[in-house]
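Go ahead and model the full structure; you've got the sequences and the hints to work with.
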Amino acid sequence: MLDAEFFRRWMTATAASVDREAERLTALDSPIGDADHGSNLQRGFTAVVTALEKEAPDTPGAVLTLAGRRLISTVGGASGPLYGTLLRRTGKALGDAAEVTEEQFTDALRAGVDAVMALGGAAPGDKTMIDALVPAVDALAESFGAAKTAAEEGAVATTPLQARKGRASYLGERSIGHQDPGATSSSLLIGALMEARDE
Amino acid sequence: MSESPDSTNQFVGIVLVSHSAAVAASVAELATGLAGGETTAPVAAAGGTVDGGLGTSAELISAAAASVDRGAGVAVLTDLGSAVLTVKALLAEGDELPANSRLVDAPFVEGAVAAVVTASAGADLAAVEAAAAEAYTYRKA
Chain G
1 MLDAEFFRRW
11 MTATAASVDR
21 EAERLTALDS
31 PIGDADHGSN
41 LQRGFTAVVT
51 ALEKEAPDTP
61 GAVLTLAGRR
71 LISTVGGASG
81 PLYGTLLRRT
91 GKALGDAAEV
101 TEEQFTDALR
111 AGVDAVMALG
121 GAAPGDKTMI
131 DALVPAVDAL
141 AESFGAAKTA
151 AEEGAVATTP
161 LQARKGRASY
171 LGERSIGHQD
181 PGATSSSLLI
191 GALMEARDE
Chain U
200 MSESPDSTNQ
210 FVGIVLVSHS
220 AAVAASVAEL
230 ATGLAGGETT
240 APVAAAGGTV
250 DGGLGTSAEL
260 ISAAAASVDR
270 GAGVAVLTDL
280 GSAVLTVKAL
290 LAEGDELPAN
300 SRLVDAPFVE
310 GAVAAVVTAS
320 AGADLAAVEA
330 AAAEAYTYRK
340 A
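First to last, the protein sequences are chains G and U.
For the first sequence, the residue numbers in the working numbering are 1 to 199.
For the second sequence, the residue numbers in the working numbering are 200 to 340.
A couple of the hints might just be wrong.
With a straight-line cut-off of 25 Å between C-alpha atoms, the simulated SDA-like cross-links for lysine to any residue are [unchecked claim]:
| hint | chain 1 | residue 1 | chain 2 | residue 2 |
| --- | --- | --- | --- | --- |
| 1 | G | 165 | U | 294 |
| 2 | G | 54 | U | 249 |
| 3 | G | 92 | U | 299 |
| 4 | G | 165 | U | 326 |
| 5 | G | 92 | U | 293 |
| 6 | U | 287 | G | 124 |
| 7 | U | 287 | G | 167 |
| 8 | U | 287 | G | 123 |
| 9 | G | 54 | U | 292 |
| 10 | U | 287 | G | 110 |
| 11 | G | 165 | G | 123 |
| 12 | U | 287 | G | 121 |
| 13 | G | 165 | U | 248 |
| 14 | G | 165 | U | 292 |
| 15 | U | 287 | G | 62 |
| 16 | G | 165 | U | 253 |
| 17 | U | 287 | G | 169 |
| 18 | U | 287 | G | 95 |
| 19 | G | 92 | U | 301 |
| 20 | G | 54 | U | 219 |
| 21 | G | 165 | U | 302 |
| 22 | G | 54 | U | 258 |
| 23 | G | 92 | U | 290 |
| 24 | U | 287 | G | 164 |
| 25 | G | 92 | U | 302 |
| 26 | G | 165 | U | 336 |
| 27 | U | 287 | G | 34 |
| 28 | G | 92 | U | 258 |
| 29 | G | 92 | G | 57 |
| 30 | U | 287 | G | 35 |
| 31 | U | 287 | G | 107 |
| 32 | G | 54 | U | 294 |
| 33 | G | 165 | U | 280 |
| 34 | U | 287 | U | 326 |
| 35 | G | 92 | U | 291 |
| 36 | G | 92 | U | 298 |
| 37 | U | 339 | U | 278 |
Stretch by stretch, here's where chain G covers chain U in the computed footprint (C-beta under 8 Å, at least three residues) [unchecked claim]:
| hint | segment |
| --- | --- |
| 38 | 281 to 287 |
| 39 | 324 to 338 |
Since the hints were made in silico from the structure, they are not lab data.
Since the structure is predicted, the reported quantities are computational estimates derived from the model, not experimental observations.
From the three backbone atoms N, C-alpha and C, an ideal C-beta is built for every residue, glycine too.
Below is the structure:
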């Protein structure tokens, strides 16, 4: 079973991972974006960790809902509402249970990913975070490790794609050959699930 | 444009969200100036991030919407990407924007002028939204 403490560790591990990889995310965002993905997410997840330390919500749903709200408020770029919606909708889908099963979490995360697709209008293959999140959710039924691998492979697989959403879409064919920064940061979020359990 | 102001004279509020504080403020000034008249509908600019950078601030958007809410609804116009997504996410949140707030699908500058002129004539939210959206149909070439 996964409790509120697990989800707090997930957010903390994500923040640490984003800290470590911020420069790489921004470097990926330089040729096809506006070179702020790393610093934007760093600001957002730092705010999430601060908020969780202060408020200490006691259910999985409340942890993720709070995290989502903080991301929407603090990120400043499109990744704020997108990641914010992902976590908030996942949290809402978990309801107010004190503990949830991995199956319940998988279903809730799928609802969150669906909400992100609805918000941004992106589908798999558009070279966005969806290309990491959809295979990750599919693999989550197997294990956290399988989800991590699927997300990382999904992020790498965005490289030959042409962007159809966001600023990168203005570049047309010039977006081809660059790994998508949003799919890459999504693989960090999914990868942090394993760290949250190992602690 | 056909509606007359109701008895309490409550204007629809307009919020202009841009990635740039200067763009949002200038478009607000342009739209208010072109609306002319003695009294114009309340317009608030929510441009850039809280620290003055380029981007979108949910905080500034919520504050701007609250500042123009007179009870007749709030029309929110945006420029690009994260501005659109942030407003949609705030609307989905439910309690971050005044009741009867709406993201209006319109070109930013032309839509803002149409929205402010229409709202200042006392039109309701649906009429303001329609006027702003109609700006899309004006072709320039």
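Hint check:
1. 165(G) x 294(U): 28 Å, violated
2. 54(G) x 249(U): 22 Å, holds
3. 92(G) x 299(U): 23 Å, holds
4. 165(G) x 326(U): 31 Å, violated
5. 92(G) x 293(U): Roughly 13 Å between the alpha carbons, so the hint for residue 92(G) and residue 293(U) holds.
6. 287(U) x 124(G): 21 Å, holds
7. 287(U) x 167(G): Holds - the C-alpha atoms of residue 167(G) and residue 287(U) are around 18 Å apart, at most 25 Å.
8. 287(U) x 123(G): 18 Å, holds
9. 54(G) x 292(U): Between residue 54(G) and residue 292(U) the Cα gap is close to 22 Å, so the pair holds against 25 Å.
10. 287(U) x 110(G): Measuring from Cα to Cα gives roughly 20 Å; hence the hint holds.
11. 165(G) x 123(G): 9 Å, holds
12. 287(U) x 121(G): Satisfied, since the Cα-Cα distance of roughly 12 Å is no more than 25 Å.
13. 165(G) x 248(U): Between residue 165(G) and residue 248(U) the Cα gap is close to 22 Å, so the pair holds against 25 Å.
14. 165(G) x 292(U): 23 Å, holds
15. 287(U) x 62(G): 21 Å, holds
16. 165(G) x 253(U): 20 Å, holds
17. 287(U) x 169(G): Distance ~20 Å between residue 287(U) and residue 169(G) Cα, so the pair holds.
18. 287(U) x 95(G): 22 Å, holds
19. 92(G) x 301(U): Holds, at about 23 Å.
20. 54(G) x 219(U): Measuring from Cα to Cα gives roughly 32 Å; hence the hint is violated.
21. 165(G) x 302(U): 20 Å, holds
22. 54(G) x 258(U): Roughly 20 Å separates the two Cα atoms, so the pair holds.
23. 92(G) x 290(U): 16 Å, holds
24. 287(U) x 164(G): 20 Å, holds
25. 92(G) x 302(U): 23 Å, holds
26. 165(G) x 336(U): 24 Å, holds
27. 287(U) x 34(G): 22 Å, holds
28. 92(G) x 258(U): 22 Å, holds
29. 92(G) x 57(G): 14 Å, holds
30. 287(U) x 35(G): 24 Å, holds
31. 287(U) x 107(G): 23 Å, holds
32. 54(G) x 294(U): This hinted pair holds, its Cα atoms lying about 22 Å apart.
33. 165(G) x 280(U): Judged against 25 Å, a Cα distance of about 9 Å means the pair holds.
34. 287(U) x 326(U): 21 Å, holds
35. 92(G) x 291(U): Between residue 92(G) and residue 291(U) the Cα gap is close to 12 Å, so the pair holds against 25 Å.
36. 92(G) x 298(U): 21 Å, holds
37. 339(U) x 278(U): 19 Å, holds
38. 281 to 287: holds (count 4)
39. 324 to 338: violated (count 0)
In summary, the structure is inconsistent with hints 1, 4, 20 and 39 from the numbered list given earlier, while agreeing with the others.
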